[in-house]
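Let chain A serve as the given structure and place chains B and C on it in line with the hints.
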Amino acid sequence: MSLPLFFQQVLNGLAIGSVYAMFAIGYTLIFSILRIINFAHAAIFTLGAYFTYALTGSAFGYNGLLKNSALPIHLPFLLAAVVGALLAGVVSIVIERLAFRPLRERGADPLLSLVSSLGVAVVIVNVIQYLVGAENYSYPAHPYGNLPTAINFGLGTRRIPVRTVQIVIFGVAVVIMLLLTYWLNRTKTGKALRAIAEDATTASLLGINTDRLILLTFFLSGMIGGLSGALIGSSVSIAGPYFGISFGLRGLAVIVLGGLGDIPGAIVGGVVLGLAEAFVPAQYIAYKDAVAFAVLFLMLLLRPQGLLGGAQLQKV
Amino acid sequence: MRSMVARLSTLFVIGAWLLMACGSPTPSSTSAATTGGTAALAGDPVPLGVAVAETSNTAALGQEQVIGVTIAEKYFNDHGGINGRPLKIIRQDTAGDENGAINAFNALINQSKVLGIVGPTLSQQAFAADKIADTAKVPVVGPSNTAKGVPQIGPYVARVSAPVSVVAPNAVKAALKQNPQIKKVSVLFAQNDAFSKSETGTFQHVITTTSGLQLLPVQTFQTTDTDFTSQATTVLNQNPDLVIISGLAVDGGNLVKQLRELGYKGLIIGGNGFNTPNIYPVCKAQCDGLLIAQAYSYELNSPVNNDFRKSYQDLQKQEPGQLAAQAFAGVQVFVKAMSAVDKATPLKGLSIEAARTAINDQLLKGKYQTPLGPISFTAEGEVVQNDFYVAQVKMNADGATGKFVLLK
Amino acid sequence: MAVFFATYGSLIVAMMLAAMLALSLYLPLLAGQLSLASPGFYALGGYVAAIISTRVVPFDSATQAYVWRLGAHEILRFPGPLYPVSLLIVEMLVASVLSAVLAVALGLPALRLRGIYLLLATIAFVEILQVVTQVLDLTGGAIGIFNIPQPFASQLGYAWVVVPLLVLSAFFVYRLERIRVGRAFTAIREDELAAAAMGINLTYHKVLAFTMGAVLAGIVGVISAHSINTWNSRQGTFDAGIAYLAFVLIGGSRTFLGPIVGGIVLYALPEVLRGIAAIPGLPPALAQLLKDGRLIIYGLLLVLGTIFFPQGLIRPNLFRRRKFEATRQVPGQV
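Listed in order, the protein sequences are those of chains A, B and C. Count along the first sequence starting at 1, add 25, and that's the number in this note's numbering. Count along the second sequence starting at 1, add 365, and that's the number in this note's numbering. Count along the third sequence starting at 1, add 211, and that's the number in this note's numbering.
Incorrect hints may appear among the rest.
Result set (SDA-like, lysine to any residue): computed pairs, CA atoms no more than 20 Å apart in a straight line [unchecked claim]:
| # | chain 1 | residue 1 | chain 2 | residue 2 |
| --- | --- | --- | --- | --- |
| 1 | A | Lys92 | B | Lys682 |
| 2 | C | Lys502 | B | Thr435 |
| 3 | B | Lys708 | B | Pro412 |
| 4 | A | Lys92 | C | Phe215 |
| 5 | B | Lys478 | C | Ala217 |
| 6 | B | Lys675 | A | Gly86 |
| 7 | A | Lys92 | B | Pro642 |
| 8 | B | Lys478 | C | Pro491 |
| 9 | B | Lys513 | C | Leu347 |
| 10 | B | Lys682 | A | Gly82 |
| 11 | B | Lys502 | C | Phe363 |
| 12 | B | Lys513 | C | Arg266 |
| 13 | A | Lys92 | B | Thr766 |
| 14 | B | Lys630 | A | Thr189 |
| 15 | B | Lys478 | C | Pro360 |
| 16 | A | Lys92 | B | Lys502 |
| 17 | A | Lys92 | C | Gln499 |
| 18 | B | Lys730 | B | Gln750 |
| 19 | B | Lys630 | A | Pro173 |
| 20 | B | Lys502 | C | Gly368 |
| 21 | B | Lys759 | A | Ala166 |
| 22 | B | Lys478 | C | Val483 |
| 23 | B | Lys630 | A | Ala175 |
| 24 | C | Lys502 | A | Tyr87 |
| 25 | A | Lys92 | B | Glu684 |
| 26 | B | Lys759 | A | Pro165 |
| 27 | B | Lys513 | C | Asp348 |
| 28 | A | Lys92 | C | Gly504 |
| 29 | B | Lys675 | A | Asn93 |
| 30 | B | Lys502 | C | Leu347 |
| 31 | B | Lys439 | A | Tyr87 |
| 32 | B | Lys502 | C | Pro360 |
| 33 | B | Lys630 | A | Thr182 |
| 34 | B | Lys502 | C | Phe215 |
| 35 | B | Lys502 | C | Ser365 |
| 36 | A | Lys92 | B | Thr435 |
Keep in mind that the hints were calculated from the coordinates and are not lab data.
Just chain A, same shape as in the assembly:
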């Protein structure tokens, strides 16, 4: 493999990986605190993308209940994405109240939250279809202003192009990861959350309002998920109500690769998976997905604590 090609594949891997990482951060946040896998995360991601679409003032198609309706406001994409993310966060809170908290209060098997969150995902996906149809949607052109569509990292005649939107996604993923890590490790609220992650009962005995903090976690996770949906939607358009679901399985792989509940790990896991996919030789491209999961399988056998994890499973 020539050096420019190698470099190109590394950049491709980073670009693909950043999408996985972006999806996985919100996913892993809930796991880090509550030790549960929230299947509804993929649906929240989709919701964020649709909320953002609506907020840009774009009209929906003619196949759902909301035929050809559009909001009277036309927010620019970036603002719409932020507001859409907040709305996704609110939905995430509602989900916590309705589908997770009753189980937690009954001290039910954590596996059950897998099923109830799956139920929530089924509901959200089908409600979206009921309201706005199954067709694909995409944001108004040039969501990022006048940035060029691709940036060339090559020299001279050998072009090494990377799509600008993927650089944006990578940047946002890293910033969110840094902010979350700082917040969890350095602020009082963050420390309280980590205490809950260690032992919820003791934490509440110590006067930590666990319920409120868990709601906060769901809000943040939903917000990050919604923002990811909007950003990734701006890269590849919203492929319909199952948009997020198609990232779900990969997202699960990423958070395990990174070490469950490890936030910087989500980025590392995403990038590793992205690189693994990018370096599948062209003649074996048909097996690309198998390669990704084979890497996952080997990783699990060799380092079940994740790429960054120490001997002890890192809880936050």
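Quick look at chains B and C alone, frame taken from chain A:
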């Protein structure tokens, strides 16, 4: 132990009762009132089943088909129905899987007592469900099943969706006409999609048998993929003069977009799956110049297509795509066959079994002026279609809307 | 009644198959192993059936018989047109053996993992298998293998195989829970360290439970391939695995009846909703909502089911005298 048996049997009795309640046949008159424009029609409605993917991640396709059959129901009832009796479409959702298709077919055949079925959406589903209909001797017309072997499932199985063996050479010819210098061709296809898998075989065959063209190593992707950076990089390194993609609207559109953004400048041919205006929002301005192999063109100037196109535009505010047109044609062949049978011996006098068989025989014999152009069937049930097209996408300045310009 | 069975013959068979698939997930869970590998073995079984019945012993339409040839030599001949049940049983045996071999090969390394990590490893296995079958010519690529011959004249005919098989596997698991091996499984589930300390061979028992589940899933795949008449890489996916898990958890993961009831009830639920929507006399708005909102209701019932039946519909003490209400909470596997 005894109480356990008692409890269990109660459970099963309740379950069976529930299912029985569902099993009772629906009187055919319940929603006759809801079919619009049937004021002039009289008599019991003639039931035709439609089983397509209205939910699941295949719903984007099924939704188009629902529009097609809805337009058809209204259109044919406005045009006299089945010799004065209204046509009634009964829909059952197949979702995206084989068992769903089987359940929907069974419900239509046994509960709703339909005289024929248009469906299912996917070829894989057709292999499962069409067998059920064939065994029950209920005629089926596949609106979008293009895989090899579908009409051969049985004598009661036909399809209006042509496998694209004719259109592929035309598309390649059109590309050569625009750029006679084409030598190297990259081919990509969605490996999890039966439609694309069949189509790419035809494209690859055309390239290897056309002198002067060289087929570069083939790349694959999944219809659920969104990132095609790896494939695009390989294509750019192959440095082809032409790229041929067989996929569906969203994945195919994204692939085109990412190829263009990363700097591919040559011609691109999109297969039949691209033949829907739904690709415009995906690749936006980058769709421009894309050549598309079509089994349906909304520009076909025939009375039935003009009416169909008008109705579609009224409903959806955009041009119709291939899936809706084929679903319309699927209903149309049934309406024509039913009318012909009814003329000879009134359907009312026939037993349901006899009516189904008579309709199937008539359906395979007839010739139909559909939005797809004139079509007929072989004895096996394979569609015989004359009109295939190659169109080029012309995007408007806003980068969000565009049109297919027919190439001659 | 005839209408009922004609309409729901396939559904009834599929419900019982779903119950067995739920059992196949329940078996490793009995030993505390959360595995979603069942769809993979299910897919494998289906391919075994599809390949044997369409390629190895294909139908010869000239003589209306299924003929097994090696080269030019005819080895065996079965009169058609119905596919011989004996061959169906052979397929089940082949699928069992292959599933068992693969399960041991996969289980030995993978079962060292616990909880969610094992879950992920088994998902990875399912995904890899899916991609491989999607690419290989042997398995027919995306289109898969079709025209799989029918051993019975009607869909309900499958009940001749499926009912005995369901009863047999239910009885097997029922007995298993009451013999030494089964008690070892339970011991591992409740406390792995303690079980090991008592001299229970962890690896052996875990792999055994895993393999039993795999064999059952493989056998179900064989029947399923014939029953749906076609097989392709869309069968037995991650999504299906999650659905089986829901069958077990909603049905109840503490007794063999749980997964059976869960599989039957949950599998039928969307179809029951479809049927209710067709009941004459419903207000059109309600019928429409039931029809279009079928899956929304299904999702809601999943959520409500977990909240109101956290131990599943069927609890071990449900059918006993209600003297000792279970109050102990189930420890989590994650």
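_For a quick check of understanding: which of the numbered hints are violated here, in increasing order?_
Hints 4, 15, 16 and 30 contradicted; others consistent.
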